[in-house]
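Got two chains here, separate frames each, mind docking them using the hints?
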Amino acid sequence: MKPWIKSIFLMEVKNILTYRFEFWMNFLGGTAANFLIAYFLWNFIFEAQGLTTLNGYSIQGMTLYYLIAPLTLRVMDADSMGFISREVYDGSLNKYLIYPVEIFIYKWISYMVRGCFYLLQLFVLLGFFLLIVGAPKEFSITPTSIGIFLGFATLIMVVYFFMVASIEMISFWADNIWSLRVFVFLLVSFLGGSAIPLSFFPEWSMPILKILPFRSMVYLPTQFLLGKHFELIGEALLTLSLWGIGFCLALNFLWKKGMKQYTGVGM
Amino acid sequence: MRYFHLYLHFIRFSFSKAFQFRLDFFFRIFMDVIYYAINILFFKVLFLHANTIGPWNDSQVTVFICGYLLMDSIYMTVFSNNLWWFPYYINKGDLDYYLVRPVSSLFFLTLRDFAANSFVNFLMAVGLFIWSLTHLDSPIVAWKLVLYILCLINGAVLYSAFYLFSVLPVFWTKSPRGLAELYWKTAHMAERPDHIYKGWIRRILRSVFPMAILASFPARLFLGEFDWIIFGNIVAVTFGTCLTLYFIWKRALMNYTSASS
Numbered sequence: 573m574k575p576w577i578k579s580i581f582l583m584e585v586k587n588i589l590t591y592r593f594e595f596w597m598n599f600l601g602g603t604a605a606n607f608l609i610a611y612f613l614w615n616f617i618f619e620a621q622g623l624t625t626l627n628g629y630s631i632q633g634m635t636l637y638y639l640i641a642p643l644t645l646r647v648m649d650a651d652s653m654g655f656i657s658r659e660v661y662d663g664s665l666n667k668y669l670i671y672p673v674e675i676f677i678y679k680w681i682s683y684m685v686r687g688c689f690y691l692l693q694l695f696v697l698l699g700f701f702l703l704i705v706g707a708p709k710e711f712s713i714t715p716t717s718i719g720i721f722l723g724f725a726t727l728i729m730v731v732y733f734f735m736v737a738s739i740e741m742i743s744f745w746a747d748n749i750w751s752l753r754v755f756v757f758l759l760v761s762f763l764g765g766s767a768i769p770l771s772f773f774p775e776w777s778m779p780i781l782k783i784l785p786f787r788s789m790v791y792l793p794t795q796f797l798l799g800k801h802f803e804l805i806g807e808a809l810l811t812l813s814l815w816g817i818g819f820c821l822a823l824n825f826l827w828k829k830g831m832k833q834y835t836g837v838g839m
Numbered sequence: 151m152r153y154f155h156l157y158l159h160f161i162r163f164s165f166s167k168a169f170q171f172r173l174d175f176f177f178r179i180f181m182d183v184i185y186y187a188i189n190i191l192f193f194k195v196l197f198l199h200a201n202t203i204g205p206w207n208d209s210q211v212t213v214f215i216c217g218y219l220l221m222d223s224i225y226m227t228v229f230s231n232n233l234w235w236f237p238y239y240i241n242k243g244d245l246d247y248y249l250v251r252p253v254s255s256l257f258f259l260t261l262r263d264f265a266a267n268s269f270v271n272f273l274m275a276v277g278l279f280i281w282s283l284t285h286l287d288s289p290i291v292a293w294k295l296v297l298y299i300l301c302l303i304n305g306a307v308l309y310s311a312f313y314l315f316s317v318l319p320v321f322w323t324k325s326p327r328g329l330a331e332l333y334w335k336t337a338h339m340a341e342r343p344d345h346i347y348k349g350w351i352r353r354i355l356r357s358v359f360p361m362a363i364l365a366s367f368p369a370r371l372f373l374g375e376f377d378w379i380i381f382g383n384i385v386a387v388t389f390g391t392c393l394t395l396y397f398i399w400k401r402a403l404m405n406y407t408s409a410s411s
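Protein chains in written order, with the working numbering: chain X, 573 to 839; chain L, 151 to 411.
Bound-form chain L, shown alone (with noise of 0.2 Å):
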């Protein structure tokens, strides 16, 4: 409860912030909006040359992708703002500031900044989500809609938590992103239905590295019948990634050397 107070205390204080920057709340939202748009014509204009990908037809491709819009724009308005500025704490010593709180240390970075702009943004990606199931040829059944989006969250959180990942190695190395760009550039390949993949490929990406995991196989579950084997990979990874995650800031925060870093 102590932590729900806190985080609406995060959320008042974001949204002031927000509004002393005019000019770039809108911008973000510009930004947002054309990163929606094009995502969505990219396969509307793939679709002018295909009939299905794999056994998805326009229409639950197009479920798909705005589930995948919807889950960017929650990772969007809560972890991005904090992930962000991660590297530069490091590399200038400003971490002290965190860990010296009454509070999980990575609590506190991973949630104090609530990006009011993309808060704009998550409800356009909800009203483009329901636009796209709106379009569906087959009923909707509630309780699968419901795990859907609560699958979707679970990947908002897996991609913050690859993002941390692939910026902890600055605690080592001090460089500027870590391996920040290396991770935007791979985290694509949860842009594209799981079933594009093949071979080794395909294990990873729902294994070690689950971009398959956080929009596509909440689409299939959806979408499809429902499957315990995919249900389950989900839980699995999700169990694992928030274990390593914990074990890997344990170490990390050792090699801590604070100001001088």
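For reference, chain X alone in the conformation it holds in the complex (with noise of 0.2 Å):
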């Protein structure tokens, strides 16, 4: 491994853990609460309407689908924001361009970092939840299922690098671009079925999601991990390797067009 690596590694792990009482209580505090709106309202459906299974789910692995599910989109996002565009805008950008490191190369060091950070966070809270609640009786996690869910894990986070990259590059052009990486992340959000499982779209939906890399964001490995859906394994894959070609190729073309434009001095 080269030198640089392990600095960039390092000085990573060093950043996440600097302000450790507002990372745990950020983490703990912000899982705990997506957590219990979503045990909340779905107890209240169930309990109304007298339900002990809805769309295949019980309580619990409704509740255990709403643990997994945020935490994925968390390692995918993995703290990206304030990526390239800040740099960009205020000029610092140009210490990248000075080092003997790939910008890029650096880039994804640093925000696989902090995915691998979250990952091991998820399964933390995963054996949590199985020790304290049990193993809903509709999933089944093997040890096949979490390393399928680590490989699609990887998958995930090289192809969001890569939309949010080329998202970033468009701060070449306008001054300040943050709001347009919220509504990406919204978007992932509620179409990859971090707010509800897909399966509870109308069936209307069902080719629109299919087309979207989203869906093979989050709702596909996430079922993937709850020992679910193997068979759309291959749609998945090749659903996100379109997009990640297909993003990777914009990124490099929006990066040369960029750099073109870039004076160094900031807006």
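Think of the hints as simulated: they come from the structure by calculation, not from any bench.
Treat the hints loosely; a few may be bogus.
Said to hold, decoys possible - Result set (BS3-like, lysine-lysine): computed pairs, CA atoms no more than 25 Å apart in a straight line: (1) K667/X to K832/X; (2) K324/L to K335/L; (3) K348/L to K335/L; (4) K828/X to K667/X; (5) K194/L to K324/L; (6) K242/L to K586/X; (7) K348/L to K194/L; (8) K782/X to K194/L; (9) K324/L to K586/X; (10) K667/X to K242/L; (11) K400/L to K242/L; (12) K324/L to K400/L.
Claimed, not checked - Pairwise CB distance ranges, derived in the manner of DEER restraints: (13) H338/L to G818/X: 52 to 62 Å; (14) I718/X to K294/L: 52 to 62 Å; (15) I290/L to F700/X: 44 to 54 Å; (16) L722/X to W350/L: 32 to 42 Å; (17) Y678/X to M151/L: 35 to 45 Å; (18) G204/L to V696/X: 33 to 43 Å; (19) R401/L to I718/X: 40 to 50 Å.
Claimed, not checked - Which stretches of chain X does chain L cover? Using the computed rule of at least three CB atoms under 8 Å from a CB of chain L, they are: (20) 589-600; (21) 604-611; (22) 752-764; (23) 770-782; (24) 807-814.
Glycine included, each C-beta is placed from N, C-alpha and C at the ideal position.
Pasting the structure below:
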């Protein structure tokens, strides 16, 4: 391993842990809030309608889904806010241009460290859930399902990285693009199934959801971890690969165009 | 009156600034449009599988969520830009600029930047709110509607006050954003009708962390019978929050170390 990879890795870990109290409060509090909102909402619906299962989910299964899906989204997003756009805006991108390291490799390592950190937290919380609540009967989390999920976690991080980086490139022409990133995050969150499982969506929306990459980014990896829908692995791989290649090409094109535009003095 | 004139100046300046960054202006509009769409669609999808949520049917929940979006758009337009920069001011020592002005520092800090682009979204939220009212099965009582809107404005103030509470720890910890992220996540509780919460969570949401009071309680006053207990709850929490904020703000300023923070 090249020494600078280790340096970036360690620096990023240090950055994450600098404000430990805030980090853990934000993470645990945020996860708990998300979890509680989902639990209360679905428990209310189950009780009001006297149901034991809804769309194939028991209340325990639904709660577990709402633990894993938002955390998968978090692994993928990995605090990607403030990525390159701010550096283009204030001219601090210059430093990356004179580093002996390719900028996107540098950014990828920083992003990946955070993603892995959240992945670790996902499994810790999953362990706690299974220990306290137990495994819902409709799911079967096995070493195989965990292995498939880990493979997909890596792939979705790559695709999401290319996607967000492509959007960040717009900052060469626009002053401020944070709202565009939030726009994309909201889309991924809703159409990826983090807000509500996609099986609850109306039938007419399914062909659209299948074409878009979001379903394969959150909903399907979550299902794979829960031991369901293994027959869709090929479809998810194909969707992610095609979109990944598309975003990669877009990033390459926009970066080259953007660099011709970049003055290095800030906007 | 002096503060009113000052605020008009803030608005004028904010509009001219917003039009200098045209793309950002439109990006923020897109962002809020998708946020509105997702919140409405969430309940529309839910109602494909449920007939009611508590005592509310589909059209009543739509009034609730559009009320929430109206409250959110008021917050985004009036307060959000200001509160976003708050931790930076503290950590970089830029708060000095605000503290030496001959006006209330809290007024200046929380209202200086009027988000002109979010104002467009505010107009959209008003449109959605009117649209939701037209789909309501029951007749609309004028004074209840006025009270509902006033309570939603109050909700925006409370939402901002609690956001401020979440970033005030920066005065002590010097961290980049304090507990803002935690607040954004937990504040999602306000996006759901308060009927769903039970036990101690329910008590917390109507008192010390009053997310139920932002949009759900106002909707209950509008959609159901007027309830003095709910109204009293809103007034008491607003009063208590303002007092606490004033007290903590004074304490926090004593801890401010200016440029070397």
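Hints versus structure:
1. K667/X to K832/X: Answer holds: K667/X to K832/X is near 17 Å, not above 25 Å.
2. K324/L to K335/L: Given that 25 Å is the threshold and the Cα spacing comes to 21 Å, the pair holds.
3. K348/L to K335/L: holds, 19 Å
4. K828/X to K667/X: Holds: K828/X and K667/X sit about 17 Å apart, inside 25 Å.
5. K194/L to K324/L: violated, 43 Å
6. K242/L to K586/X: At roughly 21 Å apart (the allowed maximum being 25 Å), K586/X and K242/L satisfy the hint.
7. K348/L to K194/L: Roughly 23 Å separates the two Cα atoms, so the pair holds.
8. K782/X to K194/L: holds, 20 Å
9. K324/L to K586/X: The given pair, whose Cα atoms are some 16 Å apart, holds under the 25 Å limit.
10. K667/X to K242/L: holds, 22 Å
11. K400/L to K242/L: holds, 19 Å
12. K324/L to K400/L: holds, 17 Å
13. H338/L to G818/X: 52 to 62 Å: The hint (52 to 62 Å, Cβ to Cβ) is violated, given that H338/L and G818/X are roughly 32 Å apart.
14. I718/X to K294/L: 52 to 62 Å: holds, 54 Å
15. I290/L to F700/X: 44 to 54 Å: holds, 48 Å
16. L722/X to W350/L: 32 to 42 Å: holds, 37 Å
17. Y678/X to M151/L: 35 to 45 Å: violated, 55 Å
18. G204/L to V696/X: 33 to 43 Å: holds, 35 Å
19. R401/L to I718/X: 40 to 50 Å: Check passed, 48 Å falls within 40 to 50 Å.
20. 589-600: holds (count 5)
21. 604-611: It holds, with 4 qualifying residues against the three required.
22. 752-764: holds (count 7)
23. 770-782: holds (count 3)
24. 807-814: violated (count 0)
The structure fails to meet hints 5, 13, 17, 24 from the earlier list, while all remaining hints are met.
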